[in-house]
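Peer 1: Each chain, written out:
Number of protein chains: 2
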Amino acid sequence: MSTANGNHDNDNGNRKKSLPQLGTDSPVAKLGAMEGLPASEKVYIEAGTGTDTVRVPMRRIHQTNGETFDVYDTSGPHGIDPNIGLPKLRKAWIDARMAPGIDTGNRSQMHYARRGMITPEMRFVAIRENVSPEFVRDEIARGRAILPANINHPETEPMIIGRNFLVKINANIGNSAIGSTIGEEVDKLRWSVKWGADTVMDLSTGKNIHETREWIVRNSPVPIGTVPIYQCLEKVGGDPDKLTIDLFIETLIEQAEQGVDYFTIHAGVRLAYIPLTANRTTGIVSRGGSIMAKWCLSHHQENFLYTHFERICEVMKKYDVAFSLGDGLRPGSIADANDRAQFAELETLGELTQIAWKHDIQVMIEGPGHVPMNKIKENVELQMDICKEAPFYTLGPLAIDIAPGYDHITSAIGAAMIGWFGTAMLCYVTPKEHLGLPNRDDVKTGVITYKIAAHAADLAKGHPGAQDRDNALSKARFEFRWQDQFNLALDPDTAKDFHDETLPAPAAKGAHFCSMCGPKFCSMKITQDVRDFVANEAAAAAAADANDVAAGLAAKASEFKQAGGTLYTTGD
Amino acid sequence: MSTANGNHDNDNGNRKKSLPQLGTDSPVAKLGAMEGLPASEKVYIEAGTGTDTVRVPMRRIHQTNGETFDVYDTSGPHGIDPNIGLPKLRKAWIDARMAPGIDTGNRSQMHYARRGMITPEMRFVAIRENVSPEFVRDEIARGRAILPANINHPETEPMIIGRNFLVKINANIGNSAIGSTIGEEVDKLRWSVKWGADTVMDLSTGKNIHETREWIVRNSPVPIGTVPIYQCLEKVGGDPDKLTIDLFIETLIEQAEQGVDYFTIHAGVRLAYIPLTANRTTGIVSRGGSIMAKWCLSHHQENFLYTHFERICEVMKKYDVAFSLGDGLRPGSIADANDRAQFAELETLGELTQIAWKHDIQVMIEGPGHVPMNKIKENVELQMDICKEAPFYTLGPLAIDIAPGYDHITSAIGAAMIGWFGTAMLCYVTPKEHLGLPNRDDVKTGVITYKIAAHAADLAKGHPGAQDRDNALSKARFEFRWQDQFNLALDPDTAKDFHDETLPAPAAKGAHFCSMCGPKFCSMKITQDVRDFVANEAAAAAAADANDVAAGLAAKASEFKQAGGTLYTTGD
Numbered sequence: 324m325s326t327a328n329g330n331h332d333n334d335n336g337n338r339k340k341s342l343p344q345l346g347t348d349s350p351v352a353k354l355g356a357m358e359g360l361p362a363s364e365k366v367y368i369e370a371g372t373g374t375d376t377v378r379v380p381m382r383r384i385h386q387t388n389g390e391t392f393d394v395y396d397t398s399g400p401h402g403i404d405p406n407i408g409l410p411k412l413r414k415a416w417i418d419a420r421m422a423p424g425i426d427t428g429n430r431s432q433m434h435y436a437r438r439g440m441i442t443p444e445m446r447f448v449a450i451r452e453n454v455s456p457e458f459v460r461d462e463i464a465r466g467r468a469i470l471p472a473n474i475n476h477p478e479t480e481p482m483i484i485g486r487n488f489l490v491k492i493n494a495n496i497g498n499s500a501i502g503s504t505i506g507e508e509v510d511k512l513r514w515s516v517k518w519g520a521d522t523v524m525d526l527s528t529g530k531n532i533h534e535t536r537e538w539i540v541r542n543s544p545v546p547i548g549t550v551p552i553y554q555c556l557e558k559v560g561g562d563p564d565k566l567t568i569d570l571f572i573e574t575l576i577e578q579a580e581q582g583v584d585y586f587t588i589h590a591g592v593r594l595a596y597i598p599l600t601a602n603r604t605t606g607i608v609s610r611g612g613s614i615m616a617k618w619c620l621s622h623h624q625e626n627f628l629y630t631h632f633e634r635i636c637e638v639m640k641k642y643d644v645a646f647s648l649g650d651g652l653r654p655g656s657i658a659d660a661n662d663r664a665q666f667a668e669l670e671t672l673g674e675l676t677q678i679a680w681k682h683d684i685q686v687m688i689e690g691p692g693h694v695p696m697n698k699i700k701e702n703v704e705l706q707m708d709i710c711k712e713a714p715f716y717t718l719g720p721l722a723i724d725i726a727p728g729y730d731h732i733t734s735a736i737g738a739a740m741i742g743w744f745g746t747a748m749l750c751y752v753t754p755k756e757h758l759g760l761p762n763r764d765d766v767k768t769g770v771i772t773y774k775i776a777a778h779a780a781d782l783a784k785g786h787p788g789a790q791d792r793d794n795a796l797s798k799a800r801f802e803f804r805w806q807d808q809f810n811l812a813l814d815p816d817t818a819k820d821f822h823d824e825t826l827p828a829p830a831a832k833g834a835h836f837c838s839m840c841g842p843k844f845c846s847m848k849i850t851q852d853v854r855d856f857v858a859n860e861a862a863a864a865a866a867a868d869a870n871d872v873a874a875g876l877a878a879k880a881s882e883f884k885q886a887g888g889t890l891y892t893t894g895d
Numbered sequence: 324m325s326t327a328n329g330n331h332d333n334d335n336g337n338r339k340k341s342l343p344q345l346g347t348d349s350p351v352a353k354l355g356a357m358e359g360l361p362a363s364e365k366v367y368i369e370a371g372t373g374t375d376t377v378r379v380p381m382r383r384i385h386q387t388n389g390e391t392f393d394v395y396d397t398s399g400p401h402g403i404d405p406n407i408g409l410p411k412l413r414k415a416w417i418d419a420r421m422a423p424g425i426d427t428g429n430r431s432q433m434h435y436a437r438r439g440m441i442t443p444e445m446r447f448v449a450i451r452e453n454v455s456p457e458f459v460r461d462e463i464a465r466g467r468a469i470l471p472a473n474i475n476h477p478e479t480e481p482m483i484i485g486r487n488f489l490v491k492i493n494a495n496i497g498n499s500a501i502g503s504t505i506g507e508e509v510d511k512l513r514w515s516v517k518w519g520a521d522t523v524m525d526l527s528t529g530k531n532i533h534e535t536r537e538w539i540v541r542n543s544p545v546p547i548g549t550v551p552i553y554q555c556l557e558k559v560g561g562d563p564d565k566l567t568i569d570l571f572i573e574t575l576i577e578q579a580e581q582g583v584d585y586f587t588i589h590a591g592v593r594l595a596y597i598p599l600t601a602n603r604t605t606g607i608v609s610r611g612g613s614i615m616a617k618w619c620l621s622h623h624q625e626n627f628l629y630t631h632f633e634r635i636c637e638v639m640k641k642y643d644v645a646f647s648l649g650d651g652l653r654p655g656s657i658a659d660a661n662d663r664a665q666f667a668e669l670e671t672l673g674e675l676t677q678i679a680w681k682h683d684i685q686v687m688i689e690g691p692g693h694v695p696m697n698k699i700k701e702n703v704e705l706q707m708d709i710c711k712e713a714p715f716y717t718l719g720p721l722a723i724d725i726a727p728g729y730d731h732i733t734s735a736i737g738a739a740m741i742g743w744f745g746t747a748m749l750c751y752v753t754p755k756e757h758l759g760l761p762n763r764d765d766v767k768t769g770v771i772t773y774k775i776a777a778h779a780a781d782l783a784k785g786h787p788g789a790q791d792r793d794n795a796l797s798k799a800r801f802e803f804r805w806q807d808q809f810n811l812a813l814d815p816d817t818a819k820d821f822h823d824e825t826l827p828a829p830a831a832k833g834a835h836f837c838s839m840c841g842p843k844f845c846s847m848k849i850t851q852d853v854r855d856f857v858a859n860e861a862a863a864a865a866a867a868d869a870n871d872v873a874a875g876l877a878a879k880a881s882e883f884k885q886a887g888g889t890l891y892t893t894g895d
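As given, the protein sequences belong to chains A and B, one line each in that order.
Going by the working numbering, the first sequence opens with residue 324, and the numbers climb by one from there.
Going by the working numbering, the second sequence opens with residue 324, and the numbers climb by one from there.
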């Protein structure tokens, strides 16, 4: 039953109906449980009592020196058969809030936050982010953070997107007219989540859009985003002129019933802005933006997503679907960065943010695109000002145009910087950007590259505790604990494989040198000797001045030599 | 004959003597001529007359629409047998300056510049950089740029390093005790130059250091740098305590005679600074720095490279070898960034810069390392202030520690930013950093990644003409000229391979869509239609305001539909 009521029980009925077939015919029959990361154990931090109990997963990395290091974990329960889907972690919390006499019809976390409630989702997030539940609530109430959590996606492990929290990353998956199967897409979902995607967008445009999404939502521990206009377009046979607000609302409800957590909606592509793109180098590059532009021009009417925005809001709040207000006029080339078309649309997104907030609906704002480094900061400053600090969610941006095949890198440069300046979530770009559909390897490369960008931003922002992992890894590196260096890395497998290429012997993993310098010639080894020496001389040396230190230390010469400063012993 | 006279004729004799064997026993016998890039033609811009004639190579990319695009080219003459080595492009220029009665014994480009001379090398560079020869001369005279050009490396195509020129990149190669042959290293040299390395450092530490270097220099169209202390250490059996200034000077002369263009010299690792590293997370990570630290501690004496710096200067200026003053105390982890040890050494490098400049010797300053984004700018500002704008040459910096296997990316983030802030040359980092020896693929990945960072910096600096290539590629992309998009890319092969993966048919290279969206669903295609439409309506639309545009355009509705706004035609 497709209604805008967002009835949770009804949805459960729907979900059973649409649960895909099990067994050897299942699209995901060949997918086993996904393997975990090395030397890692899933642990849970528990808090609260009764139905409010939250169990927050962490990945505990065991080091060879007996120490452990816990990291934020998005990988979901281990050993889950994708034919069954994930357990419904949040079901009891949602049911409790939707009990008769309690439910107001607005189920958004922002609505609860503004009424002073701290939901179990907020407490879960507080533990993940190491802040107080009150802080989480206040940031959501203020609109500066969102907690995407559709009432029909109880499988999510709650997470938060906002500039006062860890920078998050999104991975895009989805089939297209050209290819890929449901099994491949579910595999990409789990694969991207394994490597650290904080949310995943299903951008399918080919066959079986509904069924593909069902498999994805039921197997996703992270929020799922979509661009509903893509499915609308399929429904009208690919002709944007036939799109209507009724069809759009119907599609929103269909997807909200399945449990999609945020919708990209290109309501800012106003009719008057379209001519502003005519002299661009690359026109309109957003798919959603160009579909709406085509509709506007054909009908010579204002964008129906803009004129009917309040109707859309009615759907969003009933399911707690968050807005991701799309930047349909984002620049597709360096030449088009920060132009009038882009910033005109941003003004409208600011206006729409206020409308959504009036309904207590969570909102984030999408951003570019292709932007040279010197124009990145302006994007964040304008967005914060115009959209009153609603979380910014950017695609890169790509800092140059001339490296197709490497746009994960061109965009990681922009992403790290824009994250530092205040962007809350970074949408990944894979090596296949502009060229083809990302395969499994591309998805992993994209995710790891964006974990790098997000972490660089967290470090630059001085986010509390962000540097702890760098310190642990660097300590392991300095102490030649090779396995620990690998296991603390964002991608332990690749680090180990690269080391194996030059020094494959297992014994080399305990070597007190690395292949770059070889056994006779290791700067790290020398430094350890320097440190040992200096430790003994600390008081004298610290006081010594550049001009008299030679004299001050001369007396100690023979002592040091007796202590045996042999440096180039091979490690064993 | 190893003397400090740097006699050019004598050097020619040396070179003949040390020219390696040809034929099937040659270490490079298996290397053929390196293949060029697709759709590219080597063209030369000629200027000047007589022995002062300069022929500056460019790579001309031919596009399918008949247009061409010329790019800065470092790839050397085509089709050269590495058994023979490159032609001696600069020999006549050098000979002319070294004629009796003209030669003063100081052969540095800075010396000539300060005397008001514009050398052919400077004119060559002016054409490459599209500036005036006078500007080149003045920047060199001022010390704000260097033109590394050993009189015994006449094969170089002159290039310049300075913050008012294009940002340059360096690739490190070299064998180690663990492995690799001369043939592999010469191959890596040519490979890195093919992909755009502006200079190459030979960091060999294993067997055959001298012979490897000879092969590299004779086949390199770009300046070659070394770290002479590595060879010194080999000469004393790996015991740093046995190093002496006499051995060091002898080694400098040996390498200068071969034609090395710049030397990394760790003269700033002063005795008094060593204790400052004792409490670091990763101590001293520079090989050269740690060798000198060990020597200082063992002898309880000041660094002999510091105390004998003027003796070193005497060698440098006779051959025009440039200083690359090493940052032996650079941070090896985020925790150690911008600490007292690092900046104490920088102060000394500033002092040494003044001494070198007193001798008219060209100088650049090496920089970190591991630095979070928020601490990068301070590095450049301090370096410019302390070293009076001598070119800065940094290794990355790596913006995080936790991604071994991806440190080309972690460092490209820092490199792009530090380049924007004023760093003149970026030393590449490969995916094998911290883990193993880079192979051929790693070298290419490192070079392309750093071309990206350098270009991002050029764009952000607003370097004149830097954006032209982005504009050309984006135009090709927008017009579905796939081959042109590939050929204008930094790595045409990878771009084409990635496209082939999804759409292998040759016809797809003319397709008016891409695999990401498929034939029915292409935003670029829609935009072209929008543009066509808007072009007709330009006057009306430009004047239209957000509130009345609907009315203004309404009259044109049927006209547009008659014009046939069919969007989703497949390209053919």
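By construction, these hints were calculated from the structure, which means they are not laboratory data.
Treat the hints with care, since some could be wrong.
Any copy will do: because identical chains look the same in the list, a pair fits if it lies in one copy or spans two.
To be verified - Below, a list of computed lysine to any residue pairs in the SDA-like style, where the Cα atoms sit at most 25 Å apart: (1) Lys784 with Arg663; (2) Lys698 with Thr376; (3) Lys517 with Phe392; (4) Lys700 with Asn794; (5) Lys698 with Leu360; (6) Lys530 with Thr825; (7) Lys517 with His401; (8) Lys641 with Gly529; (9) Lys784 with Glu701; (10) Lys353 with Phe632; (11) Lys711 with Ile425; (12) Lys700 with Thr825; (13) Lys698 with Cys555.
Peer 1: Indicate, hint by hint, whether the structure satisfies it.
Peer 2: Here's how the hints hold up against the structure:
Taking identical chains as interchangeable, the C-alpha atoms of Lys784 and Arg663 lie at most 25 Å apart only when they sit on different chains, with a minimum of 22 Å there against 30 Å within one chain. In the homo-oligomer, the alpha carbons of Lys698 and Thr376 never lie at most 25 Å apart, since the shortest distance is 46 Å inside one protomer and 42 Å across protomers. Taking the shortest alpha-carbon separations for Lys517 and Phe392, only the intra-copy value of 18 Å comes in at or below 25 Å, while the best inter-copy value is 43 Å. In the homo-oligomer, the alpha carbons of Lys700 and Asn794 lie at most 25 Å apart only across protomers (22 Å), although the nearest pairing inside one protomer, at 29 Å, exceeds that limit.
Taking the shortest alpha-carbon separations for Lys698 and Leu360, neither the intra-copy value of 38 Å nor the inter-copy value of 32 Å comes in at or below 25 Å. Taking identical chains as interchangeable, the C-alpha atoms of Lys530 and Thr825 lie at most 25 Å apart only when they sit on different chains, with a minimum of 17 Å there against 46 Å within one chain. Taking the shortest alpha-carbon separations for Lys517 and His401, only the intra-copy value of 10 Å comes in at or below 25 Å, while the best inter-copy value is 47 Å. For a Cα distance limit of 25 Å, the shortest separation of Lys641 from Gly529 qualifies neither inside one copy, at 28 Å, nor across copies, at 69 Å.
For the identical chains of this complex, Lys784 and Glu701 are neighbours both inside a copy (17 Å) and across copies (16 Å), given an alpha-carbon limit of 25 Å. In this assembly of identical chains, the alpha carbons of Lys353 and Phe632 never lie at most 25 Å apart, being 42 Å within a copy and 68 Å across copies at closest. For the homomeric pair Lys711 and Ile425, neither the shortest alpha-carbon distance inside one copy (31 Å) nor that between copies (70 Å) is at most 25 Å. For the homomeric pair Lys700 and Thr825, neither the shortest alpha-carbon distance inside one copy (42 Å) nor that between copies (36 Å) is at most 25 Å.
In this homomeric assembly, Lys698 and Cys555 never come within 25 Å of each other (Cα to Cα): the closest approach is 35 Å inside a single copy and 48 Å across copies.
Checked against the numbered hints given earlier, the structure breaks hints 2, 5, 8, 10, 11, 12 and 13 and satisfies all the rest.
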